[in-house]
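Visitor: Let the sequences and hints guide you as you build the complete structure.
Residues per chain, in single letters:
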Amino acid sequence: MSDYSVSARNLSKKFGHGHHAVQAVDGVSFDVKKGELFGLIGPDGAGKTTLFRLLTSLMVPDSGTAVVEGFDTVKDYRQIRRIIGYMPGRFSLYQDLSVEENLKFFATLFGSTVAKSYDAIKPIYRYLEPFKKRMAGRLSGGMKQKLALCCALVHAPKVLFLDEPTTGVDPVSRKEFWEMLGTLQDQGISIVASTPYMNEAVRCHRIAFVQDGKISECDTPENIRRKFPHAILAVRSRDAFSLLQDLRKFPEAHSCYSFGNYQHLYLHSEGGADGSAARLQEYLEGKGHQDIRIEPIEASIEDCFMLRMNKEGGDYGDV
Amino acid sequence: MAMFRRKALLLRERAALEVLRKGYVIEVENLTKRFGDFTAVDHISFRVKKGEIFGFIGANGAGKTTAIRMLCGLHRPTSGHGQVAGFDINTQQEDIKRHIGYMSQKFALFNDLKVWENIRLFAGIYGVEEKKIAPKTDEILERLGFTDQKNTLVGQLSLGWKQKLAFSVAILHDPEIVFLDEPTGGVDPLTRRKFWELIYEAVNRGITVFVTTHYMDEAEYCNRVCMMVDGKIEQLDSPENLRRKFGVETMEEVFTQVAKKAQRTDD
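The listed protein sequences correspond, in order, to chains D and G.
Per the numbering used here, the first sequence starts with residue 133, numbered consecutively.
Per the numbering used here, the second sequence starts with residue 53, numbered consecutively.
Since the hints were made in silico from the structure, they are not lab data.
Quick reminder that beta carbons are idealized off the backbone N, C-alpha and C, glycines included.
There's no promise every hint is true.
Taking lysine-lysine and the DSBU-like style, the derived pairs with C-alpha atoms no more than 35 Å apart in a straight line are [claimed, not checked]: (1) 307(D) - 284(G); (2) 101(G) - 146(D); (3) 101(G) - 381(D).
If you want the ones that stay clear, here's a sample from chain G, every Cβ over 12 Å from chain D, calculated [as the list claims (entries may be wrong)]: (4) 94; (5) 110; (6) 130; (7) 140; (8) 168; (9) 193.
Guide: Next comes the structure, spelled out in structure tokens:
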């Protein structure tokens, strides 16, 4: 028996024909270890959702293979569906059934009962229990997402596939959700999740960057951050917008993006951020900026994402 | 009859301009909305200055959506009063709708219409004068650098472009204020930032922006942030003052502390 929970080899999937064809997934290979929390991140339209559908046996690949817990996603789709939990991006529960009824329905589908799988869902269900009589459609975003997770867990799956489970959910509920994933993974469940929030991606053991249907990098968050090729200066002044414009015109600037109340300036030179900081201070004073603060910082995952996506030009072309 | 209606309209517009001259695009006092025995929005009062980026933040179920719907003239308040774009939120809801822009993450663009057809359609819906539509369309396309894409079907555009177009369409009738309801929900970090640059450009042209978001780095980009908890306004200040007040480094930490007070776990 292999150590891997999920193994994809050269997975490809194309939609449409002729010059309208879109290669949604393009020769993707990766492995997810047993009990690992594995993150898929990438821009919209990168192919993440298609990848989820291929791995959950809901779609057949044009070529390549995927194995989940030893079962082939095409040949053994029946077995696979019994041992995986899938939370699609769009809320897919029955809005006009209550919390309790939704759970019961999904348990029954898998030939189980809520009582039998109570241990599996307990860490999450305890948040929901006070509202068990409420219609699912009347739950708030954070609660809907907890219910969806419960329904995905009700048959005690070995692998969970979560497609942007926290989109549209407030920061506190999002944090709670990822803490719950931690609990599940302690119980030995392998989890593959996608997210547009980079501070969530950091919680994964390993991350794969998905772009144009391919995986461009796959490593631990720590290693990805370490490989960032530019020195970074975090800069702020009183007028953030004109600061951003001016920073982009700084001769040593590679590129620059807003990160909350700071702008992150990626420098062309690799070392010597200190010299650059002094030159930048002078440059910004010359442009009339006030209350300037400049500090060298380490790259975050979001910095890595920005740089990687921008390399490809992105949707908007260059800055 | 038509002349009379036109005159009444002009009078209302003039009164609205008079109100706006005081410098507030939104002024509400004790705004409240009850659904049965549930108070979704509970006596909120605030003012939004002209040209401001006003962030509206709260946990799921805090009452944000209900509040926005009242401000946009879609819900009648149970009690309280105020004005949006110079029009009374209790009695002039139709006028409000004509003088505001609105965009949510589910853009209202038509996928099977071309780019220019979408602009043309919304210009008509917003009542832009016939002879102004063509130059307005050209202006938008040019500003977006999109002239060569004007015959592309919107359904074939990338998310980033759709977002740009949806925003331009939401402000094509030069509204006093544009409401952006989670415009970047589920959007990747690069596309989000590009969108905010678009917001800044619009603000530089004098548009007031009212925006909700779940990204706390975006809360930082607002001039002032209003945090709602259980239907009430818990905090309202600049991000800098809020961070200082709570003695923390980021808006995420401010939010976590403010949201802790919530009793309501759901709406």
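Visitor: State for each hint whether it applies.
Guide: Consistency of the hints with the structure:
no.	hint	in the structure
1	307(D) - 284(G)	holds (23 Å)
2	101(G) - 146(D)	violated (50 Å)
3	101(G) - 381(D)	holds (31 Å)
4	94	holds (17 Å)
5	110	violated (7 Å)
6	130	holds (20 Å)
7	140	holds (31 Å)
8	168	holds (20 Å)
9	193	holds (15 Å)
Violated hints, listed in ascending order, are 2, 5; each of the other numbered hints is respected by the structure.
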